[in-house]
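**Student:** So you can see what is in the structure, the chains are spelled out below.
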Amino acid sequence: MTHFMVLKIAARNVFLHRMRTLVVGSILTFGAFLAVVGHSFVNGVSGGMENSTTQSITGDIQIYSEKAKDKLSVFGNMDGSPVDVGHLDSFENVSNRLMQNTDVAAVVPMGTSFATVNPGNILDHFLETLRKTFKDPQADPKDLESQKRRIRFLVQEIKKNLEGKFEEIGILSAADVEQAKINLEQVSRDTFWQDFNSQFESKIEFLANKIAPLIFDDNMIFFSYVGTDPQLFQQKFPQFEIVKGEMIPAGTRGFLFHDYFYENMVKHRIARRLDQIKKKMKDDKLTIAGSKELQDQIKANVEQSAEIYLQLGPVETETVSTKLMQLLSSQEKDFRVLIKNFLDMNDQSFQTRYEFFYKEIAPYVVLYRVKIGDVLPLSAFTKSGTSTAVNIKVYGTFRFKSFENSPLAGNFSLMDLVSLRELYGFMTEERRAQNKQIEDEMGLNDIGQDAIENLFSSSSGARPEKTSAAKKSENVELSFKKRIMGATYTPDELNKGVFLHAAVFLKDPGRRDAVIKDIMAISKQEGLGIQAVSWQDAAGFIGQMTFMMKAILNIFIGIALLLAGLMIMNSLLMAAMDRKQEIGTMRAIGAHADFIYRLFFYETLFISLLFGGVGVILGSLVVVIIGAVGIPASGDVATFFFSGPRLYLHLNPGLVFTVIAVMVVIAILATQYPAWKAMKISPLQAMQKRE
Amino acid sequence: MFIKTIVTLALAVAIGYAEEQKKELLTQAQADEIIKLVDDRQRNSGDYKSLCFVKETEKNKEPRLFQAMVYRRDDDDKFMILFTKPKEEAGKAYLKIDKNLWNYDPGTGKWERRTEREKLAGTNSRRSDFDESRLTEEYSTKFEGTDKLGDYKVYKFKLTAKDGVDVAYPVLNLWIDQAEKNILKREELALSGKLMRSSFYPKWNKKYSASKKSDVWIPEEIRIFDELEKGNSTIVLIKETDLGKLEENMFTKAWIESKSK
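In order, the protein sequences belong to chains A and B. Using the working numbering, the first residue of the first sequence is number 1, and each one after it goes up by one. Using the working numbering, the first residue of the second sequence is number 1, and each one after it goes up by one.
Keep in mind the hints are simulated off the structure, nothing from the lab. Note that the structure is predicted; figures quoted are calculated from it, not measured. Incorrect hints may appear among the rest.
What the hints assert, rightly or not - The calculated lysine-lysine pairs, modelled on BS3-like cross-linking and capped at a C-alpha distance of 27 Å, are:
1. A:Lys279 with A:Lys244
2. A:Lys482 with B:Lys253
3. B:Lys110 with A:Lys371
4. A:Lys393 with B:Lys259
5. B:Lys194 with A:Lys69
6. A:Lys159 with B:Lys253
7. B:Lys87 with A:Lys481
8. A:Lys482 with B:Lys194
9. B:Lys78 with A:Lys181
10. B:Lys230 with A:Lys71
11. A:Lys481 with B:Lys110
12. A:Lys496 with A:Lys524
Using the sequences provided together with the hints, build the complete structure.
**Tutor:** Given below as structure tokens:
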């Protein structure tokens, strides 16, 4: 009998049992649909994450010390703490050796960690400026007076703000509150300001120590950074580009904020929210009336309106006030109410008010808490609780083209490796020599904790007999030379020093696993002391996330397909029992067992391909449509996973073939048992039944 | 700048002084009395100035050494550390006035505010570490018996933070010399009972304070061991102490700035 004949019988059976076919078919359709759409989605997300990770920080492979205490995770631990990966001694040695491997395109030295900057609150900021002006012999007396007026005005605003709200400042004790009220009263009086110029130091200190702490702000900026060779980094991460300011000049110490971080964390809160609202309205076509998210942002702006009126001086307040009254057609005299009303925007007023904000208000407020060109005192903390600080100039901001809005790619700011070493606590030769000198002066030996009790002998000095004379302490020279900023370094200093880890770029990223093996082998043979991991491992929990997503999806698809397979098997089995006589008759007129098997197999294959095919086509259609339109990322979490504002899916032909192949495999597997059962039906059995 | 350094220096100058006591076993009242003495004697109404050396050893890293001048004016609750060596750190300073802790860097000429509201990531240090000892006010004392530390007979005390008091370490174990009432060993524990830091005070100095009109005990050498990160340790040496009156305008930003040119 021909295959065609078998197919015809199989098709007839499929149509004969429509209900059963439909149930099994819909499960198969669903499975195939889920496989195509789900995999495209997960591939889209993991591809986005891979791109934004490898092209912004990890490269294809990361290397680090084989003696590392923790596993390398460039994004830190899940709880936000940094990992301890130790360090490697000479970048040059390691890099030169790795570059001998023909697969390796480049090696970029790195060290990733966290740091903080505390720009202080707004009163601190104004007081420091005023102090500088007082000390400047060229200062314009008018400017000085204007600054004083602004501070006086700010103090009044603080007083107004705190009236009846002192209890909200939980940290203050009752006594502190009373003292704060007295202090506020004191600085509100004319007498405080009359002799300000002649006693500016003590007056400013009073304001800084007694009044400024009453402003409760969270101005601390906490961020991740990568210390590297900035020029090499720029060259090897081709999507790197400067957005604001300039590139750190070669051989110079410096710092670049990631533009995403700068715009989202360093910028004035109200300005940044207005930017976000504008973007959402434009890109995602959201409206304030229709979006809870935008309404919340508007509400937050109104609540934090103090961020504007506390920063404006009396003259600016006057100017802005007049313009605001015009804009809002309002007679309101209280500037604070005016600002609140102004910030309470709706879809109609947003665009005009957005423009008004940037034109009339922004020039008077501190738009960025750290300005390009500032020298930052940057502090970093190590696991053991020690902290170090370096002064470093902010040259500008940078981003990676095509994933400007990816929080993942925007995670790291950048500094030179020499500053990182200082921040991390590595010694320079000069420092080592000074250490030795101080140690000699100190004249104490290290004693381990186990032997510490030896220090407590009766003659050790824990019980001095005599009272020592209250002599004056030795005169220590208290005149220091300021260290010059913007220090430079030589290529040798950069390349021969320590580094924490490095990104390895491959000519063909597909060779990743092979190259990792090679590097491990070379390190073992030549004692380089390094270990190599894939970008995914180096990305730590971020890298694991894509793996987890794929695993969960595959489990779902697996369950759907297993269910479909079992149902197919069950229905075939029942069909075999139902059609005992038919099969028996077939066998009696000479049909081989092989024919029966094919009959069942074709039936399943027909169902699998038909319904699986429908699922694949539907899934592909959805993927193609989403590929053109994109799924908008609503909220930070989605933006994080999508590595950008929208996720575009791509249809992978390989995936379509794989799904179809899986359908065939299911058909084969599900057919085995029922077919075997059917094959065992003999013509004799069929006859007997009839009798 | 090392936060721990400052904490250590603050501790060094904040550790209490003691008096003769002969009895070996103590009643609760006697135990409270000893701890109160430690506190009382520490509230030195006069000025204080000392030359300190600090050696910070972090596991697997080269040790870092500092020399600094520490100044204190207890009357006004003012405290200042001015780093003198090495060159990279010279001129950097911490100034504490009331609840404000300021950090100065001559390189930038900037003052950075550090407050207790600020979370010092990854550190146990809080601003309260810089306050003078308020053991009686902040902790309940329990006498735990006698012990020996090297050649010295000591009393052991367990101090537990009182309810509602915010302290850096909720539990302290103190080993106090029976004869002289000097703290010889101090253990700081977390709420969970986990040991965080052990400090040893093998050398004490006795100085006459004119403002106090009596002797003041000052630790000369302190050795601190990090119990969380084994291998990290700190040695503090207080080489010279001066209890004379300090210049009136010393605890100001202007004074600190004037030291760097």
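**Student:** So, for every hint listed, does it hold in this structure?
**Tutor:** Comparing the hints with the structure gives:
A hinted pair counts as satisfied when its Cα atoms are at most 27 Å apart, and Lys279 of chain A with Lys244 of chain A qualifies at roughly 20 Å. Taken as a hint, the Lys482 of chain A and Lys253 of chain B pair is honoured in the structure, with Cα atoms around 16 Å apart against an allowance of 27 Å. Of the pairs offered as hints, the one joining Lys110 of chain B and Lys371 of chain A holds, with about 14 Å between alpha carbons and a cut-off of 27 Å not exceeded. Proposed proximity of Lys393 of chain A and Lys259 of chain B is supported: the alpha carbons are some 24 Å apart, at most 27 Å.
Between the alpha carbons of Lys194 of chain B and Lys69 of chain A the distance comes to roughly 22 Å, so the proposed pair stays at or under 27 Å and holds. The straight-line distance between the Cα atoms of Lys159 of chain A and Lys253 of chain B is roughly 26 Å, inside the 27 Å bound, and the hint therefore holds. At roughly 8 Å between alpha-carbon atoms, Lys87 of chain B and Lys481 of chain A fall within 27 Å of each other, so this suggested pair holds. Simply put, Lys482 of chain A and Lys194 of chain B have alpha-carbon atoms about 43 Å apart, too far for the 27 Å limit, and the pair is violated.
Using a Cα cut-off of 27 Å, the hinted pair Lys78 of chain B and Lys181 of chain A holds, with the two alpha carbons roughly 22 Å apart. For the proposed pair Lys230 of chain B and Lys71 of chain A, the alpha carbon gap of about 20 Å is at most 27 Å, so the pair holds. The hinted pair formed by Lys481 of chain A and Lys110 of chain B meets the criterion: a straight-line CA distance of about 15 Å does not exceed 27 Å. Taking the CA atoms of Lys496 of chain A and Lys524 of chain A, the gap is near 22 Å; set against the 27 Å cutoff, the hint holds.
The structure fails to meet hint 8 from the earlier list, while all remaining hints are met.
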